[in-house]
Amino acid sequence: MTANPAGAVLFDHVSFDVRRGRQDVKVVEDCSFRLAPGEIVAMIGPSGGGKTTIGYLLAGYHRPWRGLITVDGRQVNGPSAERLLLFQENALMPWLTTAENVLFGPRARGERGPEARRRADAILTRVGLAEFGDRYPSELSGGMRRRAELARALINEPAVLVLDEPFRGLDAMTRELMQEYTAELLAEQRRTVLFITTDVDEALLLADRLLIMTERPARVREEFSINLARPRQRADLLHDDRLQHIKHRALDLLRPAGTTDVPVTT
Amino acid sequence: MTAISSRPVLLRRTEKVETTAFRRGAIGIVIFAAVWEFATRLNGWVGIRVPLVAQLPPPSAVVVDFLKLAGSPGYWNSWSLSFQRVLAGFALALIIGGTVGLLMATRPWFKRMAFPVFECLRPIPPLAWVPIAIIFWPTQELSITFVTFLGALFPVVLNTVGGAEEIDRRHVLAAQSMGASRSYIFRRVVFPALLPSLVTGAAVGMGITWEVVVAAELISGGGRQSGDGGLGFLVWNAYEGNNLPRVVVAMISLGIAGYLSSGLVRALGNRLMPWRRVAS
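Protein sequence lines correspond, in order, to chains A and B. Numbered per my numbering, the first sequence finishes at 266, counting up by one with no gaps. Numbered per my numbering, the second sequence finishes at 1280, counting up by one with no gaps.
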């Protein structure tokens, strides 16, 4: 492992099938894209379209059937702390306190002593959970759990972070707060982020680039660069004509084939 | 005011709730004893024979006989004997059942192979094993322990398999990503994830061991001296000696012993699972 992984991701003609009975179902087919180091890329597509599978491939939980996935030029081979994935719903370990959850990675790799504990405290403070280190996940609210999970991932200093619909299941208010919060946190951390979502507004708020995916089997259909400094304010997005144009174009692409959007004439 | 101060009670089990629970439990026992006493005395007072209950000795007679028994070392020896048999069978079931359950859960080929045999053995009542158990083992003590072990084995295996199948795969994946070794994942992820079902299996198994040990003691005929054969034997022995209050003393002793042991399993479980004591 290099001392300072940059986090350049390459998907090169990647395909992945799932065996259902006697049939192979193509989930990802001939999918290629790159993530530059430190770039936040939102992957938007219809649900059930294979985006999570792409996240799992990058995390090393699946092996591509064809094609190549590399990070910083090295082929992805199994799970690694260099590429961490945040699952769709809470995956904190319920038997560990919040602080123990955050410490899981360092402890698993054999770090003992107060050093790791200090880092965990610092990162818990950063995500606003300093007073909740001794609480169990069941005692935290949905938004707090998501922040604890971010902390559990970030303490391992991954070069690449995969966020798989991280705000799904949160109520509307918490969701907005968490979006702004994550935007801020990612602005101060230089990590390559693959941000999987179904929400175009969320993507516009957080990402440097959008990848619009096809329906299953997943492939990149079109991409848009956002070219706007981060972190952004929600209000800025509304008044930016170019972003509004991207939004409409993206929504058009995401609409299932055969349905058309007829504007109401006034 | 009360509404506000009672809110934390919903979130955390507090001292106050525990003492109230204790008091309610004690009241329940007192009411039970009072109704029982009243029902057995009614015949003598007004000539009404309460069906079934009228033939029972009243609790006061039971207490008198208990005080007599409490002085004899044989009675306490029965407690200790029954407890030893139960604990030995139970501990074996926990170790062997837990291991078999884990193997079945983690090795699909093993599960497919072992499951039919397991499912055929499971419905056999432990008591039907008694003749075989006597042939298997050189001493009566070992035979009884073996039958008790069989009683607890099946719930422990079933619950372990069930619990292992419900382990959240994402926890294992996340642990792998963070660099945990296989043994670290077993200790820190698989084992704690299994604990709740393991404790459930243990609690069910513990109940069954008591049922089995009593029946096994009845059949085995106990020891030579009265009181040497365990609490189950004590029931039978008192019945043959036509000492009805003593039958009831032995029954209540069994009840208390069972309650104590399942309470012990639960308390141990709660100790091992502090995260379960907080409400979600």
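Hints may contain errors.
DMTMM-like cross-link-like pairs, simulated, lysine to aspartate or glutamate; straight-line CA separation at most 25 Å [unchecked claim]:
1. A/K247 x A/D199
2. B/K1111 x B/E1037
3. B/K1068 x B/E1240
4. B/K1016 x A/E139
5. A/K247 x A/D236
6. B/K1016 x A/D134
Quick caveat, the hints were computed from the structure, so don't treat them as lab data.
Problem set entry | Hints not upheld, ascending by number | 2
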